[in-house]
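All chains, please: the whole structure from these sequences, using the hints.
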Amino acid sequence: NAGVTQTPKFQVLKTGQSMTLQCAQDMNHNSMYWYRQDPGMGLRLIYYSASEGTTDKGEVPNGYNVSRLNKREFSLRLESAAPSQTSVYFCASSPDGIGGVYNEQFFGPGTRLTVL
Amino acid sequence: AQSVSQHNHHVILSEAASLELGCNYSYGGTVNLFWYVQYPGQHLQLLLKYFSGDPLVKGIKGFEAEFIKSKFSFNLRKPSVQWSDTAEYFCAVTRRNTGFQKLVFGTGTRLLVSP
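Quick note, the sequences are listed as chains A and B, same order. Residue numbers for the first sequence follow this note's numbering, beginning at 3 and rising by one. Residue numbers for the second sequence follow this note's numbering, beginning at 13 and rising by one.
Hints were generated in silico from the structure; no laboratory data involved. What you are looking at is a predicted structure, and each value in this text was computed from that prediction instead of being measured. Where hints are given, some of them may not hold.
For lysine-lysine, the following DSS-like pairs were computed, each having C-alpha atoms within a straight-line distance of at most 27 Å [said to hold, decoys possible]:
no.	chain 1	residue 1	chain 2	residue 2
1	B	K114	B	K81
2	B	K73	B	K61
3	A	K73	B	K114
4	A	K73	B	K70
5	B	K70	B	K114
6	B	K61	A	K59
7	B	K114	A	K11
8	A	K16	A	K73
9	A	K59	A	K16
10	B	K114	A	K59
Put into structure tokens, the structure is as follows:
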């Protein structure tokens, strides 16, 4: 049981390049999340998917797109990377979805992204 | 909007000192409360959680937290810290209603324990 896995672990991009961050969970969880972590700002929600087939914007969605490919996988895409998107990105999942009560989340190891 | 405040951004302690990290939230309804820990270079791990029942919650590694509803607080405590407790600690809150509720994180407290 690997939990939540993310690829890649590290990435360096030039301004304007695009890339997709991959996330997968093997816990049969319903909801999945993408966060970014910046010094002094905690974790900020980018996008989330409450259930397979649905996605919604979080607190800081600009410059990102997501795809909930199936129940296991939730990818985050940067179409045209900017230096302001330099951050550590965490994927998380929760057994709860719509109508859930607890929303305990389980986190992946993170992707450290640098945009030059 | 729901918010979570962690007033101590940086805390420095010597080994064996006692720890208390503050967490306050703004939502007045029923909530679920969490403390996550992030060791250097690692991902977030759940330290403890409160859903209902006894407001004094015990977690892993000797940590505990007390939910005080009247103060909207969920402070984290440990009687005697170790060097290995050096990490960043995040409080998180979600409302406990029908419908989908997101987890809201505080900005974190960075703890440094000197040997």
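Results for each hint:
1. K114(B) with K81(B): Given pair K114(B), K81(B) holds - Cα atoms ~20 Å apart, limit 27 Å.
2. K73(B) with K61(B): 14 Å, holds
3. K73(A) with K114(B): Judged against 27 Å, a Cα distance of about 19 Å means the pair holds.
4. K73(A) with K70(B): 33 Å, violated
5. K70(B) with K114(B): 24 Å, holds
6. K61(B) with K59(A): 26 Å, holds
7. K114(B) with K11(A): Holds. K114(B) to K11(A) sits at ~26 Å (cutoff 27 Å).
8. K16(A) with K73(A): This hinted pair is violated, its Cα atoms lying about 32 Å apart.
9. K59(A) with K16(A): At roughly 25 Å apart (the allowed maximum being 27 Å), K16(A) and K59(A) satisfy the hint.
10. K114(B) with K59(A): 11 Å, holds
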